[in-house]
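Using the hints, position chain A against chain H.
In case you want the letters, here they are:
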Amino acid sequence: MSPVEGIEAADRARRLQRVAERLAEAVTPEEVLDAVLSEGVRAAEARAGAIGVLSADGKSVELLAQQGYDPAVMTGWASFPLDADLPMSQVVRTGAALFIPSLRERNELFPALAHQGQEGHAVVVVPLAVAGRVFGAMSLSFDDDIDFGLERREMKMTLARQAAQALARSRLLEAEQALRKRMTFLAEASDLLASSLDYNRTLRQLARLSVPGLADWCAIDILGPNGEIERLAVAHQDPEKVRWARELQERYPPDPKAPHGVAQVLRSGEPEFFSQIPPEVLDESIGDDQELRRIVDELGLRASICVPLKARGRILGALTLIAAETHPLYTQADFELATELAHRAAVAVDNARLFREAERGANAALALAYVADGVVLLDREGRVRHWNGAAAAITGVDEEDALGRPVREVVSGWDTLAALVPLVPPGSAPRPVTLPLAHAGRERWVAVTGVGFGQGTVYALQDVTEEHALEKTRSDFVATASHELRTPLAAVYGAVRTLRRGDVELSEDDRTLFLEMIESEATRLATIIDQILLTGQLDAGAVEIDATECDPAEIAASVIDSAAMHVPEDISLALDPDGSPRIVCDENKLRQVLVNLVDNAIKYSPGGGRVEIRLRRETSHCLIEVVDDGLGIPMDERNRIFEKFYRLDPQQTKGVGGSGLGLYICRELVERMNGQLTVASQPGRGSTFTVELPLRR
Amino acid sequence: MLVIDDERTIRLLCRVNLAASGMDVIEAADGRSGIELARKERPDLVLLDVMMPDVDGWTVARELAKDERTRDIPVVFLTARADPADRRLGVQLGGVGYLVKPFDPVAIGGVVEEVLARIERGEREQLRRDISSGAER
Chain H
11 MSPVEGIEAA
21 DRARRLQRVA
31 ERLAEAVTPE
41 EVLDAVLSEG
51 VRAAEARAGA
61 IGVLSADGKS
71 VELLAQQGYD
81 PAVMTGWASF
91 PLDADLPMSQ
101 VVRTGAALFI
111 PSLRERNELF
121 PALAHQGQEG
131 HAVVVVPLAV
141 AGRVFGAMSL
151 SFDDDIDFGL
161 ERREMKMTLA
171 RQAAQALARS
181 RLLEAEQALR
191 KRMTFLAEAS
201 DLLASSLDYN
211 RTLRQLARLS
221 VPGLADWCAI
231 DILGPNGEIE
241 RLAVAHQDPE
251 KVRWARELQE
261 RYPPDPKAPH
271 GVAQVLRSGE
281 PEFFSQIPPE
291 VLDESIGDDQ
301 ELRRIVDELG
311 LRASICVPLK
321 ARGRILGALT
331 LIAAETHPLY
341 TQADFELATE
351 LAHRAAVAVD
361 NARLFREAER
371 GANAALALAY
381 VADGVVLLDR
391 EGRVRHWNGA
401 AAAITGVDEE
411 DALGRPVREV
421 VSGWDTLAAL
431 VPLVPPGSAP
441 RPVTLPLAHA
451 GRERWVAVTG
461 VGFGQGTVYA
471 LQDVTEEHAL
481 EKTRSDFVAT
491 ASHELRTPLA
501 AVYGAVRTLR
511 RGDVELSEDD
521 RTLFLEMIES
531 EATRLATIID
541 QILLTGQLDA
551 GAVEIDATEC
561 DPAEIAASVI
571 DSAAMHVPED
581 ISLALDPDGS
591 PRIVCDENKL
601 RQVLVNLVDN
611 AIKYSPGGGR
621 VEIRLRRETS
631 HCLIEVVDDG
641 LGIPMDERNR
651 IFEKFYRLDP
661 QQTKGVGGSG
671 LGLYICRELV
681 ERMNGQLTVA
691 SQPGRGSTFT
701 VELPLRR
Chain A
919 MLVIDDERTI
929 RLLCRVNLAA
939 SGMDVIEAAD
949 GRSGIELARK
959 ERPDLVLLDV
969 MMPDVDGWTV
979 ARELAKDERT
989 RDIPVVFLTA
999 RADPADRRLG
1009 VQLGGVGYLV
1019 KPFDPVAIGG
1029 VVEEVLARIE
1039 RGEREQLRRD
1049 ISSGAER
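Just so you know, the sequences run in chain order H and A.
547 is the number that the numbering used here gives to position 537 of the first sequence; each next residue is one higher, with no gaps.
988 is the number that the numbering used here gives to position 70 of the second sequence; each next residue is one higher, with no gaps.
No lab work stands behind these hints: they were computed from the structure.
Ideal Cβ positions, reconstructed from N, Cα and C, are used throughout, including at glycine.
It is possible that part of the hints are untrue.
In silico DMTMM-like pairs for lysine to aspartate or glutamate, Cα to Cα no more than 20 Å straight-line [claimed, not checked]: (1) H:K320 to H:D360; (2) H:K613 to H:E653; (3) H:K613 to A:D972; (4) H:K320 to H:E240; (5) H:K320 to H:E280; (6) H:K482 to A:D1001; (7) H:K613 to A:D948; (8) H:K267 to H:E280; (9) H:K482 to A:D1004; (10) H:K320 to H:E282; (11) H:K482 to H:E453; (12) H:K482 to H:E653.
One-sided and incomplete, this derived list gives chain A residues near chain H with beta-carbon spacing under 10 Å [what the hints assert, rightly or not]: (13) R926; (14) T927; (15) A937; (16) A938; (17) D967; (18) A998; (19) K1019; (20) D1022; (21) I1026.
With beta-carbon atoms standing in for the labels, derived distance ranges [unchecked claim]: (22) A:E1041 to H:R390: 57 to 65 Å; (23) H:Q547 to A:Q1010: 37 to 45 Å; (24) A:P971 to H:P435: 53 to 61 Å; (25) H:S572 to A:E986: 48 to 56 Å; (26) H:E579 to A:R1047: 47 to 55 Å; (27) H:P435 to A:E1041: 52 to 60 Å; (28) A:S1051 to H:R484: 27 to 35 Å.
Chain H extracted, bound-state conformation:
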């Protein structure tokens, strides 16, 4: 080595040393590129330098940075195909360095470059490789034609190795940081998704979480039950833009047939990934709408990822990420992250839905188990699929004896019932049909509705046996009441018609008889009407009891006195007061009861006799007995006489006439005064009606 050569070698070593120092300080790829180009170009004594790397898909070379070239010349060289006949492409392809001493030789070797960049001279392109794998190349351009000697070649190769290692290291670091960021994001997103079963809310939060780290715009769409696209969330850092996007969504509702984007992804279930959105895709989506084109241009959509939310083979929706004004173009790693995010979101949505369904199912089962109406579900063959507790109670057939069997075998009267119940389609309002359901010797009245749907029919059964009995009683009451009114009315009307008859001369006795008839039958009508009204009030619970302290002996005496005014001559009245305790009751109501009992006693003593009121004092009660020695009451009718409209078979009472309500009213009144009305009787020897009322405390 000559002294000059020695100095040059030392100089190269020093320059390389400085590059190494700068590179050691550089952390990010940008810093590394800057260090390589500023220090490396200087160290190599080159005019300009550029670094290109293999693209993610391995099909092209992308220029990462350059220094010293005219930017205007470089604009066309941001990216070029790996298989192009260009120096950098060739070096990346072959891994072999190129040392081209002059422009003439460059133009011979690469005719594609023959007509451009004519101001340079020598060119060096060295591969950037780590562990034998070429991932890029560095080119250096010189101001002179240079015949590169071994040392100079070696120096460029060393420079390339240093640059490659630093670049690879920084890229690895960056990738690692990006990965960590993604993992952190995924973990955060997972926590969010697991935080609540309200998936609508969590998905909205997820969209917000995704900007601006993952996208400029994030949208989440959910597929509705009828295939409609529902935009659940739109997120952008700027709330103003979100509002604007919502308005835009209303003006341009999603078209399920759209060739790209959400609609396409929801249709196909396949993701759509544009690391850079091709203009023709935008053109297809926009169509001829100039206004829309203006909006899309303003949005500046550059890259997009749209991935389906898929769980258990079902498409639930789609997650869309868009890089527009700030976010870098999307890489494969971004796409993978989006896919993973969509997967987790879909599982969360699916879980939430399953949970909700399960909960709904459990609630429905509870409701069916405890609802008071019988619910019977039949399949298309008429087999019992559901038989709730109330259905069991109404029919008397247990669930386990009904399930799976044809319903006509379960309940003998079912076919008769089903024939009378019209089946309505779901959603319409059926009118319940009230009818008797007979099974195993028992009969219940049920109000039934039936709804027919695809898989079978569901019947709802309401037990209205009591209401039906009540209704029957009510209609019987009206019928009987009208009958009771017709007879006295016939007498009054008939008597008046007869009296006014011009063609017949009535005897004075007959005239008197008819006038008396009018009077007594009109009175009877009034009594019946009063009693019907009172019965109605009692049934409605509208009778007020004005309980005061009173003297039963006094009341009994006044009843006897007024009865004495119209009592037949062959009947004697008596009162046995016996110490006369004071009691608590409604004086007027008690008087009403006693008048009725005394009238009855007289009525049922057609052969004459004695009617007596006796007062008896017990420990806590006062007994008021109305005693007669008349016809008495047959054993089997003793309870029935207190029923509405029940009448004994008293041939001897002709002309007296009763409403059939007297004793019913008496018992009801006494019971409302906290007392009891009972009867003891011996047929042929008389009856004793006993009113038992509480003593004054």
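Relative to chain H, chain A alone:
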């Protein structure tokens, strides 16, 4: 004429007004004695109440129809029961007239005369059909 009714007032109305039409009237205050009287006296026509204690009017009509002696005596029901079902039962039991209370006693003589005249003309079945349609009211 035989009037069977447990109500004294109705019997009185029938007696006075039928007498005014020149008819003889006998009365029974219950179903049992009504059947006996019909068998014994063979009246031209029976005016029959339905709601009577013990033996009711339906039973009386059945008994009369069963007995050869009383089978052909026309029966006109005179009742507070106004249901169509009751009218049908009246026809089933052989009734040729059905008067619902309250009725016009002044017209009753005419009603009885018409029923008898139509039966004379052989229109018994026509009369029974009239009950079902409620034509005589």
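Hint-by-hint comparison with the structure:
{"no.": "1", "hint": "H:K320 to H:D360", "in the structure": "holds (9 Å)"}
{"no.": "2", "hint": "H:K613 to H:E653", "in the structure": "holds (18 Å)"}
{"no.": "3", "hint": "H:K613 to A:D972", "in the structure": "holds (18 Å)"}
{"no.": "4", "hint": "H:K320 to H:E240", "in the structure": "holds (16 Å)"}
{"no.": "5", "hint": "H:K320 to H:E280", "in the structure": "holds (10 Å)"}
{"no.": "6", "hint": "H:K482 to A:D1001", "in the structure": "holds (16 Å)"}
{"no.": "7", "hint": "H:K613 to A:D948", "in the structure": "holds (18 Å)"}
{"no.": "8", "hint": "H:K267 to H:E280", "in the structure": "holds (15 Å)"}
{"no.": "9", "hint": "H:K482 to A:D1004", "in the structure": "holds (18 Å)"}
{"no.": "10", "hint": "H:K320 to H:E282", "in the structure": "holds (14 Å)"}
{"no.": "11", "hint": "H:K482 to H:E453", "in the structure": "holds (15 Å)"}
{"no.": "12", "hint": "H:K482 to H:E653", "in the structure": "holds (15 Å)"}
{"no.": "13", "hint": "R926", "in the structure": "holds (4 Å)"}
{"no.": "14", "hint": "T927", "in the structure": "holds (4 Å)"}
{"no.": "15", "hint": "A937", "in the structure": "holds (8 Å)"}
{"no.": "16", "hint": "A938", "in the structure": "holds (4 Å)"}
{"no.": "17", "hint": "D967", "in the structure": "holds (9 Å)"}
{"no.": "18", "hint": "A998", "in the structure": "holds (4 Å)"}
{"no.": "19", "hint": "K1019", "in the structure": "holds (4 Å)"}
{"no.": "20", "hint": "D1022", "in the structure": "holds (6 Å)"}
{"no.": "21", "hint": "I1026", "in the structure": "holds (9 Å)"}
{"no.": "22", "hint": "A:E1041 to H:R390: 57 to 65 Å", "in the structure": "holds (60 Å)"}
{"no.": "23", "hint": "H:Q547 to A:Q1010: 37 to 45 Å", "in the structure": "holds (40 Å)"}
{"no.": "24", "hint": "A:P971 to H:P435: 53 to 61 Å", "in the structure": "holds (56 Å)"}
{"no.": "25", "hint": "H:S572 to A:E986: 48 to 56 Å", "in the structure": "holds (55 Å)"}
{"no.": "26", "hint": "H:E579 to A:R1047: 47 to 55 Å", "in the structure": "holds (53 Å)"}
{"no.": "27", "hint": "H:P435 to A:E1041: 52 to 60 Å", "in the structure": "holds (55 Å)"}
{"no.": "28", "hint": "A:S1051 to H:R484: 27 to 35 Å", "in the structure": "holds (30 Å)"}
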